[in-house]
Every structure is written in C-alpha cells, then in structure tokens.
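J.: Sequence:
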Amino acid sequence: MISTRALIDQARAREEALGKVTELMAAARGSAHALDGTVEVTVDALGALHRLWLAPSVTTTDPARLATLILEVTRVAMTEATQDSYNKVALQLGEDVTLLIEQLSGFPAPARAEDDDPGMTVEEFQRRRAERLGDRRGGR
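Counting along the sequence shown from 1, when you hit position 111 you're at 111 in UniProt numbering, and nothing is skipped either side.
If you are wondering where the hints come from, they were derived from the structure by calculation, not from laboratory data.
Hints should not be assumed to be uniformly reliable.
[Stated by the list, open to error] Quick list of simulated restraints, FRET-style, between CB atoms:
1) Asn87 - Gln126: 21 to 27 Å
2) Ala6 - Glu72: 44 to 50 Å
3) Leu54 - Ala27: 22 to 28 Å
4) Leu7 - Leu54: 50 to 56 Å
5) Ala64 - Gly19: 40 to 46 Å
6) Glu102 - Ala6: 22 to 28 Å
Every residue gets a Cβ at the ideal spot worked out from N, C-alpha and C, and that includes glycine.
Please model the entire structure based on the sequences and the hints provided.
T.: Right, dumping it as structure tokens:
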C-alpha cells in the first residue's frame, strides 16, 4: 500500500509537471516535406514555424499552388509536432493524465485518430520475424 507521504510527493510532482506542459509543447517538433522535395517545414506543437525551406525550382511554381503545398506540408508537420508533444507529456505525467489532457482540450493525439494506420499487430510482427529467422536457419 502506498503511503500518504508518497501520494503527496506524487501529487506535487504531477503539479510541477503540469506546469511544464507549455514548455514541453514548445520543445516538441514536427517536420515534413513535400513528396516532390520542393518544400520542407519544421514547426513546434504551439504552431511556431522554425524552418521553411523552398527548393529553387519553386520560383516557377504557380503562387497559389505553392501556398497550398506549404500549408499541406505544414499541417503534416503540425500533426507530427502534436504527437511529439503528447509523447513528451506522457513521459512526464503518465498516460492517464495525457489522455485527460486530450479529452479536456478536445484534441486527441494523432496516434489515436480513427483514420490513423494502426501499423502491424504483435502477431503479424512475430509471424514475419519467425519467417525471416526460419529462412536464415534453413539457408545455413
């Protein structure tokens, strides 16, 4: 059973960490680039632009198309920065508090988005690993 002192210490640590959320968000970064390599963007989770790189070839690009491309790339970078900030907050405050922040803010972590690719299941990973290892063992 956890002691009262430990609970108080834990509460104080979480209170201190909550005060660092803005700092953590400002430290979180997200970068993205256009598939054609003409635009690269880096932002923080608060929306500040830290880097914008444009290829020399954009001088011949239609300005409206270029503006749209910059915004699209920035949105992707912002999604990455948002996820990075949730990851940083989770390390400091724990997953339960991070989930609470998501619910209170109305902005779920991008990794929890319904349209997010869930990636590979553990079972699929293990099956593929077994196939690879089996191929190596059989080829010896």
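J.: Against each hint, give a clear statement of whether it holds in the structure.
T.: Hint by hint, here is what the structure shows:
{"no.": "1", "hint": "Asn87 - Gln126: 21 to 27 Å", "in the structure": "holds, 25 Å"}
{"no.": "2", "hint": "Ala6 - Glu72: 44 to 50 Å", "in the structure": "holds, 49 Å"}
{"no.": "3", "hint": "Leu54 - Ala27: 22 to 28 Å", "in the structure": "holds, 26 Å"}
{"no.": "4", "hint": "Leu7 - Leu54: 50 to 56 Å", "in the structure": "holds, 53 Å"}
{"no.": "5", "hint": "Ala64 - Gly19: 40 to 46 Å", "in the structure": "holds, 43 Å"}
{"no.": "6", "hint": "Glu102 - Ala6: 22 to 28 Å", "in the structure": "holds, 27 Å"}
When held up to the earlier numbered hints, the structure conflicts with none and fits them all.
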